[in-house]
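Chains A and B supply the protein sequences, listed in that same order.
FYI, the numbering for the first sequence is 1 to 147, going by my numbering.
FYI, the numbering for the second sequence is 1 to 196, going by my numbering.
I should point out that these hints are in silico values taken from the structure, not numbers from a laboratory.
Yeah, the Cβ is synthetic: ideal placement off N, Cα and C, and Gly gets one too.
Nothing false has been slipped in among the hints.
Once the Cα atoms are required to be at most 25 angstroms apart in a straight line, the calculated DSS-like pairs of lysine-lysine come out as:
id	chain 1	residue 1	chain 2	residue 2
1	B	K135	A	K91
2	A	K77	B	K135
3	B	K67	A	K77
4	A	K91	A	K77
5	A	K43	B	K67
6	B	K108	B	K118
7	B	K108	B	K67
8	B	K103	B	K118
9	B	K67	B	K118
10	B	K103	B	K135
11	A	K77	B	K173
12	B	K135	B	K173
13	A	K43	A	K77
14	B	K173	A	K91
Derived list of chain B stretches under chain A, where covered just means 3 residues or more per stretch with a C-beta under 8 angstroms from a C-beta of chain A:
id	region
15	157-171
16	179-191
Not everything, but these chain B residues come out facing chain A in the computed CB check (under 7 angstroms):
id	residue
17	G194
18	W195
19	Q196
The primary structure of each chain is shown beneath.
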Amino acid sequence: MKTYAFIIALTTAAAAAWAAEPIATLRGPTPLVEQGAAPTMPKVSNEDLRRLRNYPEQPPTIPHHIRGYQIDLNANKCLSCHSRRATVDSKAPMVSITHFMNRDGQFLASVSPRRYFCTQCHVTQQVTRPLVGNDFIDIDSVLSDQN
Amino acid sequence: MWSLAKEYWGVIRRPSVHFSLGFLTFGGFIAGIIFWGGFNTALEITNTEAFCVSCHEMYDNVYQELKPTIHYTNRSGVRATCPACHVPHEWTNKIARKMQASKEVWGKIFGTINTREKFLAMRRELAEREWARLKANNSLECRNCHDFGYMDFTRQSPRAASAHEEFLVSGEKTCIDCHKGIAHELPDMTGVPGWQ
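Chain B with its partners taken away, still in its complex shape:
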């Protein structure tokens, strides 16, 4: 057994006699591109709404609640999909989020939210994770579509304009501080700052 392993090690170590160094380098380069591409394609697929709602946990609860909101249907026909709000577009953030998504696969296998009751019971915890994430990245996902630098406050309602002028321009608050529950129903809000 040990001698066999030694023999194979010798084969791997022996310099190539049939292929030129140039071919090996080039071949490695091509293979790299193919794998990199495949990796990207896999990420691309997991970045679609169809993928997200392929799980009934996502389809039955949050997706149904999104439908009547402004981010699903509105006068301009531009809409926000799940990954637009939940997966950061920046490459590094994207990977970090994908690693966390593995937790969801775990949740799927162990059925943490596989019934409506379990989902409602866990909703506050899930929502809090999202609020914390958006708070930490200064509501990056919202700002990918809504850049307040281009907001014309004179075209907004006075209520919106005064709130944005006072708290957004100064950087005192971020979108998620004031706009919780814009896409889904809210969990029990007791104890959340600003709610009662």
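Looking at chain A on its own, in the form it has when it is part of the complex:
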């Protein structure tokens, strides 16, 4: 009898210790049955300063907000500023020539259908600390380190 009690006590203690140990999951330490506080939503960066590209093929990140900008079959708000004819008034950089190329490398008269949905490649940035670090080194640094 005594040994049974001892074993039960031991397992309960072990279970308690195990349960208390924080296991890092994506949803955080909040118990399953409870609803944790949602993290605050960071603001979209809107400072209008074009950002450095890490390599020449990188689609540049969008330096302005795009809230409510409609991109669908009916209208493309981005092109109302970034198209060839709009840039004089909007002061926006024109979409580059690659945006007029079809997959055979032919230049079309207007933006190619495969480049129509801008946010497929271009994204805004948020004013927040990155969740994970990044030790990317661009090619210039790699080359200069070799010398």
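Fit chain B to the supplied structure of chain A, relying on the hints for placement.
Coordinates of chain B only, in the frame set by chain A:
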């Protein structure tokens, strides 16, 4: 028949014997106020958002699209209702708009946009009427709330400030030239200047 009509005409023409001229004038004055008031109240009711969205044509399409936009919910809690953007506040304009609204009652009866498909098919035409109206009155409704004389350009984003400085101050463009589709989804924009 004709003699009967003549008799009544005589009654109407005969000067009043029971009421003084003063009473009649005053009574007419009071009645005028009551009718004028009633007219105003009727206008007041038709000037509410609840009235506008009482028609499913307005409720199902444009109202649902307004909800996620900045004019329905924002950090300051000030919001724009349908009549704020669509019915001019000035008295004369108000009447003119109300006369045009009769066309909507016509549209309701004959079901010009009573399904989603019909609405989408007609949307470009409806939007164009609104653009033309706002262009003609220099975006009066927008300026009722947003007076650029009080806009602090230094507090705006550089993109907004430079556009406003160049085109708004000079009067070259008006709000609706640049801010189409701020409250609802846009129709097919092919051919609209500045769009493609």
